[in-house]
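Taken in order, these protein sequences are the chains called H and D.
Each residue of the first sequence is one higher than the last, beginning at 0 in numbering that gives the first Met the number 0.
Each residue of the second sequence is one higher than the last, beginning at 0 in numbering that gives the first Met the number 0.
Possibly wrong hints are sitting among the right ones.
Stated by the list, open to error - Beta-carbon label-pair distances, calculated as ranges:
1. Ala685/D with Ile62/H: 20 to 28 Å
2. Ile65/H with Thr657/D: 29 to 37 Å
3. Val671/D with Ile19/H: 13 to 21 Å
4. Gly641/D with Leu78/H: 49 to 57 Å
5. Met22/H with Asp660/D: 30 to 38 Å
6. Leu654/D with Ala3/H: 58 to 66 Å
7. Ala685/D with Met97/H: 20 to 28 Å
8. Pro5/H with Asp660/D: 54 to 62 Å
9. Thr657/D with Val23/H: 35 to 43 Å
10. Leu645/D with Ala72/H: 58 to 66 Å
11. Ala3/H with Gly690/D: 22 to 30 Å
12. Leu9/H with Leu654/D: 53 to 61 Å
To be verified - Covered stretches of chain H, as calculated for chain D (at least 3 residues, CB under 8 Å):
13. 13-23
14. 88-96
Derived from the structure by calculation, the hints contain no laboratory data.
On a predicted model such as this, the values are computed, not experimentally measured, just so you know.
Glycine included, each C-beta is placed from N, C-alpha and C at the ideal position.
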Amino acid sequence: MITAEPYVALSLILFCLGLIGLMVRRNFITVLMSVELMFNAVNINLIAFSFRLGDLAGQVLAIFVITVAAAEAAIGLGLIIALVRLKDTVALDQANEMRG
Amino acid sequence: MSFYDLIWLVPLFPLAGAAFNGLVSNRLGLEKKVTHTVALIGSGLAWLWGWAAVIQWYFNEDIHHPYVVKVFEWISGGELTIFGGRVVSLDIAASFQVDALSAVMVGFVTFVGFLIHLYSVGYMHHEPDRDYARYFSYLNLFMFAMLTLVTGSNLPVLFVGWEGVGLCSYLLIGFYFEKDWCASAGMKAFIVNRIGDFGFLLAIFFAFFYFGTLEFDGLYQAMANDHHHVFAGAATIIGLLLFVGAMGKSAQLPLYVWLPDAMAGPTPVSALIHAATMVTAGVYMVARCNFFYQASPTAMLTVGVIGGVTAVFAATIGLVQNDIKKVLAYSTVSQLGYMFLAAGTGAYIAAIFHVVTHAFFKACLFLGSGSVIHGCGGEQDIRKMGGLKKYMPTTFWTFLVATIAIAGIPPLAGFVSKDAILAKTFEAAMTNLNGHGNVYYLLWFLGLSGAAMTAFYMFRLVFMTFYGSFRGGEEAEHHVHESPWTMTLPLQILAVLSIVGGVLIGFPGQLFHLEGWSFIDRFMEPVVLSHGEHGHHAVSLGLEWGLVVLSVAVALGGILLARSMYLNRDPEFAKANALAERFPLVYKLLLNKYWVDEIYGATFIAGTIKLSRFLWEVDARVVDGAVNGTALSTVGSSFISGVFDLKVVDGAVNLVATIYDVASRWFRRLQVGFAQGYAMVMVFGAAVLLGIFYVIKL
Chain H
0 MITAEPYVAL SLILFCLGLI GLMVRRNFIT VLMSVELMFN AVNINLIAFS FRLGDLAGQV
60 LAIFVITVAA AEAAIGLGLI IALVRLKDTV ALDQANEMRG
Chain D
0 MSFYDLIWLV PLFPLAGAAF NGLVSNRLGL EKKVTHTVAL IGSGLAWLWG WAAVIQWYFN
60 EDIHHPYVVK VFEWISGGEL TIFGGRVVSL DIAASFQVDA LSAVMVGFVT FVGFLIHLYS
120 VGYMHHEPDR DYARYFSYLN LFMFAMLTLV TGSNLPVLFV GWEGVGLCSY LLIGFYFEKD
180 WCASAGMKAF IVNRIGDFGF LLAIFFAFFY FGTLEFDGLY QAMANDHHHV FAGAATIIGL
240 LLFVGAMGKS AQLPLYVWLP DAMAGPTPVS ALIHAATMVT AGVYMVARCN FFYQASPTAM
300 LTVGVIGGVT AVFAATIGLV QNDIKKVLAY STVSQLGYMF LAAGTGAYIA AIFHVVTHAF
360 FKACLFLGSG SVIHGCGGEQ DIRKMGGLKK YMPTTFWTFL VATIAIAGIP PLAGFVSKDA
420 ILAKTFEAAM TNLNGHGNVY YLLWFLGLSG AAMTAFYMFR LVFMTFYGSF RGGEEAEHHV
480 HESPWTMTLP LQILAVLSIV GGVLIGFPGQ LFHLEGWSFI DRFMEPVVLS HGEHGHHAVS
540 LGLEWGLVVL SVAVALGGIL LARSMYLNRD PEFAKANALA ERFPLVYKLL LNKYWVDEIY
600 GATFIAGTIK LSRFLWEVDA RVVDGAVNGT ALSTVGSSFI SGVFDLKVVD GAVNLVATIY
660 DVASRWFRRL QVGFAQGYAM VMVFGAAVLL GIFYVIKL
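All chains should be built: construct the whole structure from the sequences, respecting the hints.
Below you can see the structure in the form of structure tokens.
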């Protein structure tokens, strides 16, 4: 019998990897990729529990997340292009005008 | 419509003249001819209309009742509660009346007034056109006021006239207002009169309070029907207060001081206002309100005593004055004293009779003195005159006639009326009137000695002015001339009236067992409130004649004394001067008019000035201090309020701002401006929350 634990563990690992990438990387594109990683970790989690609980709602939700992630990626890439046009760089620490 | 229905037109004619001369002639500086024609028409129409009205009234109406003409409702004061809880409405009409007293007054006021207007044409012709118009405007205005005074049928209308004549008197005394002393003489007259007017006003208020009406007829009826003497006290109060008014207007002690100074005005004014008409307004008013005095022995005695004392007091001053007009002024005060003496014995008709005859001879004397002054080029000091007889014959004989009249030589006008007064006073003494018989004996004696002095000082004036030789220097002697006909005609008319006026109007019938021959006695009888107990034949015929002989003897004595003192040649006035040197104190006392002006100056005037100064200090210190204190406290409180606003209110606002300022200095550091930093905070926060949930096992 296939259990959910390994998938949840996988999801946890992926999420942590994405989170660390989000926090430590300075490259905006890498940060965006880390966010995608975190989305997919959540998707795996959703599907694992959907499977485990025999409830298809989780899988539906995963489809939604993928859709939203696509939109997010579009906006994120748009921001990157704007940043590049403004500062000629993709380094996030260069965009610090709002520092108090 | 008849003349007496339109009696109110009589004052209006001169008013129209005054309006024209004052508003048109004076502004445009019209020719003298226009000015005096208008003025003469104004006063002349008043004269004609007045006489026509009086005559027509006499033959058509019942002369025992006043004929009242109401012109319009003047004051509607609503309902008032008066004495005894009665509620009456205060309605005062501008109404006029014709009765015997008004008729007599209108008769001689319009006539003498017109003559003096005519005289003024000659006397004032040296004045510039505008001043000439101003003069005639005032003179006509005076006629208006005086005629309102004597024809008004209630106290307020009388009061309007009363104040009007006072105003005109003020204006005319101060006619030469460029001269300081003329202006201040006018003010003196006005202020002294105000004191009297205050009493008069109070009397009017009291009269309304007690009687609820101010119509003379209503007051007369109320007093006539007062059989239980309910109003005896009221009559005393009102009578005395009215007399205070009369004291001011008619120059009685102690308010006589303005009249001698009033001689600062042009001489015709002195004749018209300050001798013949206005000053007799007080006598008229007392006679008009005789019903109050008849009911009040106290008020009556006061009037008599003040009158008698004034008669002698003013006569003594007149003995030594050297200004021709001053002598006549004191003589006027003295004669007015006689009138009040008569009123004070209940002989109101004799008082009015003397008013009329006095108007004739005193106007004649004043106009004569004006002619003398005019002829001598403005000189008024009789020591610088003398011998004018041959230069001014008409003036001389008219002046002499009037002098004989005032001295009381029969059968001239002054004798008839003055003797009537003395006889009535003696009668009052003999019948022990109101129980004051002894006082009336004393008053009679005062009146008699006053008559002697009158004869003396008047003949002194005649001798010094017209007899002897001219003392004003040769240069002045050349200029002495007789006056034009406009001036001498009134003199002649008045002189004739001074001779026959007395016998004609008030024939002393009682001396010949011909009672009822005296026109004025019969005519005016209904005016006086009689209580029926009048002792008509208290004095026997022999005693009457005795009194006449006595008063004539006294007058002749005065004349002879004056003759011996002032009609000797070498050196002139030797006896008079010797007498003055023998009694220097008395002479100085009289010459300086008992220092009354100085005493008033030191007491009332200085007191008033001190009081004003004190009040000014109060004003400056207390009132202004209070105002300034308020201002200061306002400034102070605004300062405190400002400080409070600045420190507390603004402080609170700033404190809030500062708190935010300081706080934001710290909190803004949270905005690191580094996107991943926020993510880290989020993760950290989530971790903390998870940790908390884990601990508390939610």
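Against the structure, the hints come out as follows:
1. Ala685/D with Ile62/H: 20 to 28 Å: Holds, since Ala685/D and Ile62/H (Cβ atoms, about 26 Å apart) stay within the stated range.
2. Ile65/H with Thr657/D: 29 to 37 Å: violated, 52 Å
3. Val671/D with Ile19/H: 13 to 21 Å: With a Cβ separation near 19 Å, Val671/D and Ile19/H satisfy 13 to 21 Å, so the hint holds.
4. Gly641/D with Leu78/H: 49 to 57 Å: Since Gly641/D and Leu78/H have Cβ atoms about 56 Å apart, the given range 49 to 57 Å holds.
5. Met22/H with Asp660/D: 30 to 38 Å: Taking Cβ atoms as reference, Met22/H and Asp660/D lie about 33 Å apart, which means the hint holds.
6. Leu654/D with Ala3/H: 58 to 66 Å: holds, 60 Å
7. Ala685/D with Met97/H: 20 to 28 Å: holds, 22 Å
8. Pro5/H with Asp660/D: 54 to 62 Å: holds, 56 Å
9. Thr657/D with Val23/H: 35 to 43 Å: holds, 40 Å
10. Leu645/D with Ala72/H: 58 to 66 Å: Cβ of Leu645/D to Cβ of Ala72/H: about 60 Å, so the range 58 to 66 Å holds.
11. Ala3/H with Gly690/D: 22 to 30 Å: The hint (22 to 30 Å, Cβ to Cβ) holds, given that Ala3/H and Gly690/D are roughly 25 Å apart.
12. Leu9/H with Leu654/D: 53 to 61 Å: holds, 58 Å
13. 13-23: This one holds; 4 residues, not fewer than the three required, reach chain D with a Cβ under 8 Å.
14. 88-96: Check passed, 5 qualifying residues.
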